[in-house]
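Trainee: Sequence:
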Amino acid sequence: MFKKIVFTTLLLIVCVDKTYADLPDFSALVEAAAPAVVKINTVSKPADNRDTLRGQVPEMFRELLEQRRRPARPARTMGSGFVISKDGYILTNHHVVDGADDIQVQFANRSEYSAVIVGSDRRSDLALLKIEADNLPSLKFASSESIKVGSWVLAIGSPFGLDYSVTAGIVSAIGRSLPTEKGENYVPFIQTDVAINRGNSGGPLFNLDGEVVGINSQIYSPTGGSVGLSFSIPVSIASNVVAQLRDSGEVRRGFLGVGISDVDQFMAGALGLPGPIGAYIESVTPNSAAANGGIQPDDVIVSVDGQAILRSEDLPHIVGLIEPGEMINVEVYREGKFKELKLKIGALEGDDNIQASVTDQSDRLGLSVADPGVEDLRLLRLRGGVEVVKVQSESPADIAGLEVGDIIIQLGYSRIDDSEEYQLVIAEIPKSTPIRIRFYRQGKAIFRTIQIDE
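Position one of the sequence shown corresponds to residue 542 (the working numbering), numbered consecutively onward.
Do not rely on the hints blindly, as some may be mistaken.
[To be verified] Each pair of labels, with its calculated beta carbon distance range: (1) S679 - L749: 12 to 20 Å; (2) P678 - E969: 20 to 28 Å; (3) D839 - D675: 13 to 21 Å.
[To be verified] No farther apart than 20 Å at their CA atoms in a straight line, the calculated lysine to aspartate or glutamate pairs in the EDC-like style are these: (4) K985 - D958; (5) K883 - D904; (6) K681 - D788; (7) K885 - D904; (8) K586 - D628.
Since the hints were derived computationally from the structure, they do not count as laboratory data. No residue lacks a Cβ here, since even glycine has one placed at the ideal position from N, Cα and C.
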């Protein structure tokens, strides 16, 4: 009896030891990767709505209102990011730095740097920053094919400001479609059960080899805290966006110009398809790439350049990564037959990317500016202008009351249509001479004077 008990105990110990041996040990990965992960703190100046109030409140009440107004406080946000090259390029989320006037990057060794935005892309929720530093620890992207459902993954970030917290879990699903508030759908998210909270945004998601497989972006939660549904931007998207932002400061996406819907089992049977696959074409935009390439309503797109379209949401994921102007092959199912079409991909218009040169310090007015998005100009009914992306404190522009997001359309007697024309005009502005500046803020035209005292 004693021998049997001893044998059973030894067997249990062996089983427990084997179970622990099968679980991954993340300590070496964290030790190697953490130095390249950063905490990001931003400050945004409060919007000044006094000009709007003056136009809406009767004169007799304005002074009283101004006396009772509480001074607005700067907005502060925090997030995470990581170094992708030794010369100071850092990747994070667009929503972490959107509208920021000051961006501070902090490393695990407590060193801090000021960062500038190289480019920021709303549609992918990615932003590329630059700090002035060399020989930094950096992280590598994994192969896009390496991520699989059930794989172990690990996140490092600063949830709620708790620096360099580590959480782990598995990949729950891949290719998740989460349309934006504008109905756009260009990111096939990685879903995990890794605990992600506010402050983790922009941080890396690792595989067991210490390579980055995703950038943590958002969670689903009815409570505001982690409930095991977190979503990361895959490296297939991130590498494409980073390359474009680093090269030009903006992102260009392929565009077909079609309205699509899913093919269910009943529709597949009615069309004669072998199964519920593809993207059903409900409409085709006139003069679009699809129209010019021969795609018709009632077609079902089943592949693009050899990549299968299993669900309708697969189509924008694939097309968005194609360089505008490139010739592609599109296979459609039409009237009981598969048909191969060749067409030239179009460009998605209205990208409202934030652009800022990495070497561009504030100009003579104390501004950093960028060409506004096409959609922004269309909404304001403007033919051109430059958008303010940064205002240097106590600069001529700051004294004149300019803010991030203002669109400048006139300096002196010169009309401003783009950033190149803006640079030419400010180079000729005389010192100690007040000149007129006209800009738009929240759809309203505003006139001020600005003076350079150098």
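Trainee: The structure should be examined with respect to each hint, and the outcome stated for every one.
Mentor: Comparing the hints with the structure gives:
At roughly 19 Å, the beta carbons of S679 and L749 sit within the given window of 12 to 20 Å. As the Cβ distance of P678 to E969 is approximately 45 Å, the hint placing it in 20 to 28 Å is violated. Distance hint for D839 and D675: a CB-CB separation of about 58 Å, inconsistent with the stated range 13 to 21 Å. At most 20 Å may separate the alpha-carbon atoms for a hinted pair to count; K985 and D958 meet this at roughly 18 Å.
For the proposed pair K883 and D904, the alpha carbon gap of about 47 Å is over 20 Å, so the pair is violated. Only pairs whose Cα atoms come within 20 Å are accepted, and K681 paired with D788 is accepted, the gap being roughly 19 Å. Restraint check for K885 and D904: the C-alpha separation of about 40 Å exceeds 20 Å, so the hint is violated. At roughly 29 Å between alpha-carbon atoms, K586 and D628 are farther apart than 20 Å, so this suggested pair is violated.
Violation of the numbered hints given earlier is confined to hints 2, 3, 5, 7, 8; the remaining hints are satisfied by the structure.
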